[in-house]
Every structure is written in C-alpha cells, then in structure tokens.
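Undergrad: Keeping their order, the protein sequence lines are chains H and E.
Be aware that the first sequence starts at 1, since it is given in my numbering, and climbs by one per residue.
Be aware that the second sequence starts at 1, since it is given in my numbering, and climbs by one per residue.
A couple of the hints might just be wrong.
DSBU-like cross-link-like pairs, simulated, lysine-lysine; straight-line CA separation at most 35 Å [claimed, not checked]:
#  : chain 1 : residue 1 : chain 2 : residue 2
1  : H       : Lys-223   : H       : Lys-305
2  : E       : Lys-35    : H       : Lys-98
3  : E       : Lys-141   : H       : Lys-200
4  : H       : Lys-305   : H       : Lys-276
5  : H       : Lys-279   : E       : Lys-341
6  : H       : Lys-305   : E       : Lys-141
7  : H       : Lys-276   : H       : Lys-265
8  : E       : Lys-185   : H       : Lys-265
9  : E       : Lys-341   : E       : Lys-141
10 : H       : Lys-272   : E       : Lys-185
11 : H       : Lys-265   : H       : Lys-200
12 : H       : Lys-265   : H       : Lys-279
13 : H       : Lys-265   : E       : Lys-341
14 : H       : Lys-275   : E       : Lys-35
15 : E       : Lys-185   : H       : Lys-276
Chain E regions said to be covered by chain H (calculated; three or more residues, Cβ under 8 Å) [unchecked claim]:
#  : region
16 : 260 to 267
17 : 314 to 328
Just so you know, these hints were derived from the structure itself, not from any lab.
All C-beta atoms in this analysis are idealised placements derived from N, C-alpha and C, irrespective of residue type, glycine included.
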Amino acid sequence: MRTLALALTFAATPLAAAEPLDQIVDQQILPAFQELAADSAALAQAAQADCTSGSEPLRAAYGEAFDAWIAASHFRFGPTETDSRAFALAFWPDSRSKTPKALGTLIRNEDPGIADPAQFATYSIAARGFYALEYLLYDPQLSAAGSGAYRCALTRAISTDIAATAQAIQADWEQSYAAEMRSPGNRYRSEAEVTQELFKALSTGLQVLDDMRLGRPLGTFEKPRPARAEARRSGRSLHHVLVSLNTLEPLALALADGNADLQAKITAGFSKARKKAEKLGDPVFAGVADPASRFRIESLQQEIKDLRSLMNDDLAPALGVGAGFNSLDGD
Amino acid sequence: MTSRREFLTGLIATGLVPQATWASAGSPAFLSAGKDAGGNFLLAGLTRSGEILFRHPLPARGHAAAAHPVRPEAVAFARRPGRFADVIDCRTGAAIARLHPPNGHHFYGHGTFSPDGSRLFTTENDYENARGVIGVWDAAKGYRRLTSFSSGGIGPHDMLLRRDVPGLVVANGGIETHPDSGRAKLNLPDMRPNLSYLSLGGTLQEQMELPQELHLNSIRHLAMRADGTVGFAMQWQGDVGELVPMVGLHRPGTPPRLMADDDPRVLKLRGYGGSIAFSPDGTQVGVTSPRGGVLQLMDTETGDLLQEHRMTDVCGLAPSANGFTASTGTGQVYEVAATGKRPLHRAGLAWDNHLIQIG
C-alpha cells in the first residue's frame with residue numbers, strides 16, 4: 001500500500017518547488033493523509049477478509065495504518081478537528097481506562113448498533129480508533145472476551161470507521177483545506193498565520209514526544225509508570241517515537257528553508273535522537289523502572305527537549321512566530 | 001471670609017463638585033496589561049474595538065487589573081510573585097499610589113474593589129506561613145493598608161464581588177509556592193483547591209470543593225453572572241493529556257456543575273483554562289487557552305460545548321454586547337458573536353492574560 005500511495009503522491013505533486021509553505025502542503029501534508037486514507041482502507045479490507053485477533057495480515061495492515069496516523073497526527077488542525085475526527089482515530093492517553101470499559105460494555109451487551117457504520121460513528125470515541133482496535137487485537141482479556149462472532153463484528157466496525165474517518169480527512173484536505181493554506185485570505189489571513197500553524201504543528205509534535213510518548217511511562221524516578229507507555233500491548237511504544245522523529249524532521253527542515261546553519265543543527269539534533277532511540281532496544285520502555293536502563297530513556301527524552309529548545313530559540317525567531325507571550329505563561 | 005480651601009472642601013462635602021468619572025477618561029471598555037515591542041510592560045485602557053485609549057508604564061510584568069466602580073482609577077497588579085500594585089489616574093496617567101504588600105507577602109495578580117469603591121481587596125500569598133490572604137486597602141483615603149484576612153485556602157488567585165449578596169468569591173488554586181523557589185509548585189500531591197465565599201469583612205460563609213479525583217484541577221479564574229452564578233476555569237496539574245473538565249459553574253448552596261465533561265475537544269485547552277467569561281445574556285460561558293490557541297464556548301444550561309474559535313495565543317476574555325471580546329499575545333482583539341469571530345483592532349504589542357471589563 002505504501003508504494004501505491006507514494007506513486008500517487010508523485011503524480012499529484014508538481015516537480016517545480018514552490019514556496020516552502022506550498023512544499024509542506026504538497027509534499028508532506030497531502031501525502032501523509034493520502035497514505036492514511038489508503039492504509040486505513042486496506043485495514044478495513046483486511047478485517048473483512050480475516051477478523052481474528054491473531055490474523056497476521058490483519059495485524060500487518062493495522063500496523064501500516066497506525067504508522068500512517070502517527071506520521072500524520074502532528075498536522076492536527078482543520079480537517080482532523082472537524083467532528084473530532086482526530087479523537088475518533090486516536091483516543092490516548094486514556095488514564096481512566098475508558099477504552100477497555102467501553103469495549104467491554106459493547107461486548108458484554110452484544111450491542112447491535114455497531115453493525116451500522118453511521119450509528120457506530122456516533123459511539124463514544126473511547127470505543128473507536130486505533131487504540132480501541134489495539135485492545136481487540138492484542139489485549140489478552142479483550143481479545144478473548146465474549147463471543148468470537150461479536151468481537152469479529154466489532155473489529156470490522158472499528159476498522160471500517162477508521163477508514164471512513166481517514167477518508168473524510170483526506171477529502172477535506174484535497175477539496176478545500178490545501179487551497180486555503182496555499183492562498184491565505186479567508187481561513188488564514190496571511191502567510192504568517194500559515195507559518196504559525198505549521199510551526200505549532202512541529203512544536204506540538206515534539207511536545208507529544210517529550211511529555212506523552214516518553215514522559216508518561218517515565219513518570220518520576222520514585223514512581224515510574226511503564227504501564228502508561230503508548231500502544232505497549234502491540235509493542236509499538238518506541239516505534240512511535242521513531243515514526244514521529246522521521247516525520248517531524250522534514251517539517252522542521254522545510255520550515256528552516258534558506259537557513260543552512262539552522263538546518264544543519266536540526267539534522268544533527270534529530271540524528272542524535274534517532275540514534276539513541278534505535279540503540280535503546282526496549283520496544284515498550286519497560287526499562288523505565290530500572291535505574292540503569294531508565295537513564296538511557298531519560299537521555300533520549302533530553303534529546304527531544306534539546307530539539308524543542310532549538311525550535312523555540314532558533315527556528316521560531318527566524319520565522320517571526322511568537323513563542324507565545326501567554327502560552328508560555330502559567331498563571 | 002471663606003478661604004478657597006474651605007470653599008472647595010465645602011463643595012466636596014455637599015457633593016456639588018462633579019466627581020471625575022470614567023467618561024472623563026474616554027470611557028474605556030476594558031483594561032489589560034501588556035508588553036510593548038521594546039519589552040516594556042504597561043497597563044492600557046481599551047475601547048470596545050480594542051483601540052488603546054491610554055497606557056501607563058509598569059515596573060515589571062502585570063497580570064490582571066481592577067477598575068474603580070466610580071472614579072477613573074485603575075489598579076494594575078504585578079504578576080505573581082510580584083510585589084507592586086500601581087493605582088493610576090486614567091485621565092492623566094498620573095500615578096496615584098504604588099501598593100506593596102506587607103513583608104512576607106506577594107500579590108497573585110488579581111483584585112477587586114468593594115461595591116461602593118471605598119476598599120480595594122487583593123489576593124496575596126503569606127508565603128512564610130503558606131497561607132492565602134486577602135489584603136484590604138483604603139481606596140477612599142490614599143490606599144492605606146487597612147487589614148487582611150484569610151482567603152479560605154492556599155494560592156488565592158482570581159477574586160470577584162458576588163452579585164447575589166454582598167461579599168467576595170475567591171478562587172483558591174490550592175498550589176503552594178514560595179519566592180525562594182520561584183514559581184515552583186510545592187504541594188501538588190495534596191493540593192486542595194476551592195471556591196471560598198467570604199463576607200466583605202472576611203467571614204468565611206461557604207466553600208466549594210470538587211470531588212477528590214479532581215483535586216489536581218487548580219481553580220484559578222472566575223466569571224460572575226448577573227444572577228450570582230460563578231463560572232470557574234481550572235488548570236490541570238495532573239497527567240498531560242488527561243481528559244478532565246476545565247470549566248464549572250457554581251451557585252452558592254448548590255453542587256457545582258462541570259461543563260463539557262467527557263467531551264474530548266476539551267483536551268484542546270491543553271489542561272489550561274486561561275480566562276473565563278459569561279456572554280451578556282448568561283446563556284454561554286467561554287474559556288480561553290493560550291496553550292491550545294483556542295476559545296471554547298459552552299452552553300450554561302446543557303453544559304455542551306457549542307463552538308470553538310482558534311486564535312493564536314488567545315487569553316484575555318470579557319463579555320461584549322454581542323457575545324465576547326478576546327485578546328491575544330499578538331496584540332489582536334476579536335469580537336466573537338453567534339455569527340463567528342471578527343478581528344477588531346490589532347495593537348503593536350502583546351496583550352497579557354486578562355481583559356478586564358470596566359463597569
């Protein structure tokens with residue numbers, strides 16, 4: 001699926017490089033959501049073909065589609081926010097365990113509403129999206145709860161719902177939102193506002209890495225929280241960090257267009273973070289509870305913090321985007 | 001023969017001298033602290049459309065402000081843990097007084113006048129004793145410190161006059177800080193925020209606490225509806241990304257109501273309610289989050305989240321004729337009405353956290 005999506009991307013993208021902002025829209029945002037729509041459609045098909053939790057083709061399709069979401073999720077504005085689509089795809093963190101509770105209730109009651117996609121789309125976001133599907137595919141209890149037939153129907157319902165949501169996001173981007181970003185006037189009143197939006201996407205993406213993907217399992221030294229690692233049931237916690245780094249770096253570089261020194265610093269910073277992540281060899285951050293390995297996860301987190309500082313101290317002023325007089329306050 | 005001084009004193013005593021009013025200062029609609037392009041801090045008076053009527057330099061970063069109910073006098077409060085509050089004559093820009101809290105106290109950045117304008121109340125940290133305090137100042141005579149009383153909790157932040165009965169309502173944020181450790185939070189594991197209702201003399205009349213599972217939700221900013229309903233905006237000190245309510249309503253004597261509870265869009269506030277205001281008809285309550293760059297409007301009856309408006313670095317929020325007025329750290333002022341948001345004036349400075357309605 002990935003190859004097909006990329007081929008479509010190149011066909012749709014003019015070769016002549018336009019302004020950096022156009023480039024980000026054409027070469028990063030649109031391809032990311034095309035990939036998400038394509039991989040999510042493939043996930044829905046795979047669930048139709050074989051809905052059992054141990055199905056390798058289903059798990060592989062799930063992994064591809066989840067990757068595509070992680071790689072697109074920092075573009076969290078406009079089409080992803082309509083009808084709370086981003087939350088419908090990805091409800092995490094879930095500290096009050098709403099997702100397993102909602103799934104357990106559906107399975108226990110054999111709620112028939114899930115068979116109708118329009119009705120399922122109105123169900124609690126906690127029972128929808130990639131994190132809900134992860135429970136059905138990988139959680140020892142929920143992947144065996146209730147009847148196999150109902151779990152199968154629920155797996156298909158969630159997969160179909162993910163595909164529909166991804167499709168709706170992509171359609172909005174292609175039909176209107178991309179044009180509105182390329183030619184500010186109505187939704188964005190100036191190129192500066194578009195730049196601000198994209199910088200925010202970058203800084204938010206790094207913040208999620210720092211505070212959520214790493215910060216949540218790290219907890220504190222006295223109280224590490226390995227059970228809070230993102231998507232640990234499918235063993236994807238560290239993988240998500242790498243996917244995020246790989247997708248945030250091109251955005252940072254594109255925003256630093258024309259500033260070779262800063263681009264070199266960005267490349268070096270991402271490279272250090274990536275190397276530390278790759279060397280970790282701890283897919284679910286289980287090592288947060290062990291002082292020796294915890295130190296290495298903290299060191300990875302520090303690299304992300306350094307990247308955040310680089311963006312706030314060097315990139316933001318270069319772009320003329322305020323780091324936020326109020327947003328940096330806390331009062 | 002009557003001296004001029006005696007003559008004037010007599011006139012003032014009989015109320016024959018027209019007292020200066022806000023009209024004589026150009027009838028500003030709002031007060032806001034800010035920072036100009038040169039990095040200088042100030043308090044400004046704004047028109048309804050966000051144009052600057054006057055500005056007054058401040059020695060350091062301000063936060064909120066208070067407007068005297070009659071006289072054109074504004075008080076600019078230092079941002080915590082600051083130790084100044086400047087009283088300004090808004091007609092001339094002259095400094096009337098600079099207030100300093102007693103040793104061992106600092107201001108929290110908010111305050112309010114008594115209904116008759118005779119006293120000014122300030123939220124303060126008595127930090128050696130880890131105690132929230134309301135300072136009382138004589139606004140009728142030179143802003144002398146009169147007394148102080150307990151705020152009813154730790155970390156009093158915003159404070160408003162009640163509308164149902166005479167009295168104060170104080171948002172005790174629950175977070176202990178000490179200037180020796182800057183703005184670091186010293187008591188998060190056992191913080192207990194509350195809303196405290198006090199008489200103007202400082203008697204604690206009622207206290208509202210949220211359920212224990214929300215004890216990390218610092219009650220920080222307030223809005224007052226004409227019927228005495230208090231709107232409170234919170235700041236979450238727990239896990240980043242946890243879905244918790246950011247806004248509640250409370251009427252004394254009844255349980256609090258949490259707005260848009262469980263609606264995932266509340267996560268866009270990033271756990272940080274910056275300012276809160278009611279629409280003039282009281283049917284909506286708005287909350288801003290500069291961290292999320294968003295204003296969310298909620299239905300005060302159903303609690304549903306009705307509308308979201310994205311605005312970079314938005315924080316200040318006040319009622320306006322058609323709905324709300326919002327201000328941002330980029331100097332932009334917006335009107336937000338049922339029809340959507342409309343940019344009004346943009347100033348070449350950064351508007352700080354709060355937009356204070358005058359009158």
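Undergrad: Against each hint, give a clear statement of whether it holds in the structure.
TA: Status of each hint after checking the structure:
For the given pair, Lys-223(H) sits about 21 Å from Lys-305(H) by alpha-carbon distance, which is consistent with the 35 Å threshold. Restraint check: the Cα-Cα separation between Lys-35(E) and Lys-98(H) comes to about 43 Å, which exceeds 35 Å; the hinted pair is violated. Proximity of Lys-141(E) to Lys-200(H) is assessed by CA-CA distance (about 49 Å); at most 35 Å being required, the pair is judged violated. Taken as a hint, the Lys-305(H) and Lys-276(H) pair is honoured in the structure, with Cα atoms around 13 Å apart against an allowance of 35 Å.
Taking the CA atoms of Lys-279(H) and Lys-341(E), the gap is about 49 Å. The hint is violated against a cut of 35 Å. About 52 Å separates the Cα atoms of Lys-305(H) and Lys-141(E), which puts this hinted pair outside 35 Å; it is violated. A threshold of 35 Å between alpha carbons decides the hint, and for Lys-276(H) with Lys-265(H) the separation of about 17 Å falls inside it, so the pair holds. Restraint check for Lys-185(E) and Lys-265(H): satisfied, since their Cα atoms lie roughly 34 Å apart, inside the 35 Å limit.
Using a Cα cut-off of 35 Å, the hinted pair Lys-341(E) and Lys-141(E) is violated, with the two alpha carbons roughly 43 Å apart. Between Lys-272(H) and Lys-185(E) the alpha-carbon distance is near 32 Å, which keeps this suggested pair within the 35 Å criterion. Among the hinted pairs, Lys-265(H) with Lys-200(H) is consistent with the structure: their alpha-carbon atoms are about 19 Å apart, no more than 35 Å. Simply put, Lys-265(H) and Lys-279(H) have alpha-carbon atoms about 21 Å apart, close enough for the 35 Å limit, and the pair holds.
At most 35 Å may separate the alpha-carbon atoms for a hinted pair to count; Lys-265(H) and Lys-341(E) exceed this at roughly 39 Å. Distance check on the hinted pair: Lys-275(H) and Lys-35(E) sit about 42 Å apart at the alpha-carbon level, beyond 35 Å; violated. Proximity of Lys-185(E) to Lys-276(H) is assessed by CA-CA distance (about 32 Å); at most 35 Å being required, the pair is judged to hold. Using a Cβ-Cβ cut-off of 8 Å, 3 residues of the region 260 to 267 of chain E lie near chain H, which meets the minimum of three, so the contact claim holds.
With 3 residues bearing a CB less than 8 Å from a CB of chain H, the region 314 to 328 of chain E meets the requirement of three and the coverage assertion stands.
When held up to the earlier numbered hints, the structure conflicts with 2, 3, 5, 6, 9, 13, 14 and fits the remainder.
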